[in-house]
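A.B. asks: Whole structure, please, built from the sequences with the hints as guidance.
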Amino acid sequence: METPDTAKLDDGYVKDEAFGLTNSSNREVTIESDTKGVLGKPHVLACLAHFHGLDKSAGVQWSLRDRIIYPHTFPDQRSEPAWNNMMPSTSIRLSSLTGQMIDVTNRWINNHTLYSVLRISKLTPDFFGLWRCKKYSRNVFEPLVEGTFVLKAEVQEN
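First residue of the sequence shown? That's 3 in our numbering, and the numbers climb one at a time after it.
There's no promise every hint is true.
Unchecked claim - When the alpha-carbon atoms are kept at most 27 Å apart in a straight line, the in silico DSSO-like pairs for lysine-lysine are as follows:
| id | residue 1 | residue 2 |
| --- | --- | --- |
| 1 | Lys124 | Lys43 |
| 2 | Lys154 | Lys136 |
| 3 | Lys43 | Lys136 |
| 4 | Lys58 | Lys136 |
| 5 | Lys154 | Lys43 |
| 6 | Lys136 | Lys124 |
| 7 | Lys38 | Lys136 |
| 8 | Lys124 | Lys38 |
| 9 | Lys124 | Lys154 |
| 10 | Lys154 | Lys38 |
What the hints assert, rightly or not - Taking CB as the label site, the calculated pair distances span:
| id | residue 1 | residue 2 | range |
| --- | --- | --- | --- |
| 11 | Trp110 | Arg29 | 14 to 20 Å |
| 12 | Arg109 | Asp36 | 19 to 25 Å |
| 13 | Lys124 | Pro145 | 34 to 40 Å |
Derived by calculation from the structure, the hints in this document are not laboratory data. Ideal placement from N, C-alpha and C gives every residue a C-beta, glycine not left out.
C.D. replies: And the structure:
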């Protein structure tokens, strides 16, 4: 039986201790993470994007405030293939504004759900704020929906 602290992935149960806090009110795209991050420490955001049908052009786009983090160019929804679906289980390392490494890994957990994990090597003040994960597809019947998440700095007491 599935318990509240487990998630079913690929017919196996995995203990989910890293996530559980969500501040997106959308059921099609959800971002999960700890709501507070610690300066100088690594941080992880996870996005679950649900699609209505199997679509090889589907993908997600990560952004922080108005800055696109991944992919750098938003694929044209009706003509270009989805950039992050070409290698959905591959890790892509990007250098951020502050020189910190951002690692994005995408993986299909079934034919309708894309699981995208964004890992920040070390939090700086630039990483706090409104994060977005937007799903896209060339399928004209697939709604373009985004989930949002506000990452706040944890106050350290001395």
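A.B. asks: Hint by hint, say whether it matches the structure.
C.D. replies: Hints, verified against the model:
For the given pair, Lys124 sits about 5 Å from Lys43 by alpha-carbon distance, which is consistent with the 27 Å threshold. The suggested pairing of Lys154 with Lys136 holds, with an alpha-carbon distance near 20 Å, which does not exceed 27 Å. Of the supplied pair hints, the one linking Lys43 and Lys136 holds, its CA atoms being roughly 26 Å apart against a limit of 27 Å. Using a Cα cut-off of 27 Å, the hinted pair Lys58 and Lys136 holds, with the two alpha carbons roughly 16 Å apart.
Straight-line distance between C-alpha atoms of Lys154 and Lys43 comes to about 13 Å, which keeps the hinted pair within the 27 Å bound. Of the supplied pair hints, the one linking Lys136 and Lys124 holds, its CA atoms being roughly 24 Å apart against a limit of 27 Å. Among the hinted pairs, Lys38 with Lys136 is consistent with the structure: their alpha-carbon atoms are about 22 Å apart, no more than 27 Å. Distance restraint check for Lys124 and Lys38: the Cα-Cα separation of roughly 14 Å lies within the 27 Å cut-off, and the hinted pair is therefore satisfied.
A threshold of 27 Å between alpha carbons decides the hint, and for Lys124 with Lys154 the separation of about 14 Å falls inside it, so the pair holds. For the proposed pair Lys154 and Lys38, the alpha carbon gap of about 5 Å is at most 27 Å, so the pair holds. For the pair Trp110 and Arg29, the supplied restraint of 14 to 20 Å holds, since their beta-carbon distance comes to about 18 Å. Checking the proposed 19 to 25 Å range against Arg109 and Asp36 shows it holds: the Cβ atoms sit about 21 Å from each other.
At roughly 36 Å, the beta carbons of Lys124 and Pro145 sit within the given window of 34 to 40 Å.
Hint compliance for this structure: no hint is broken.
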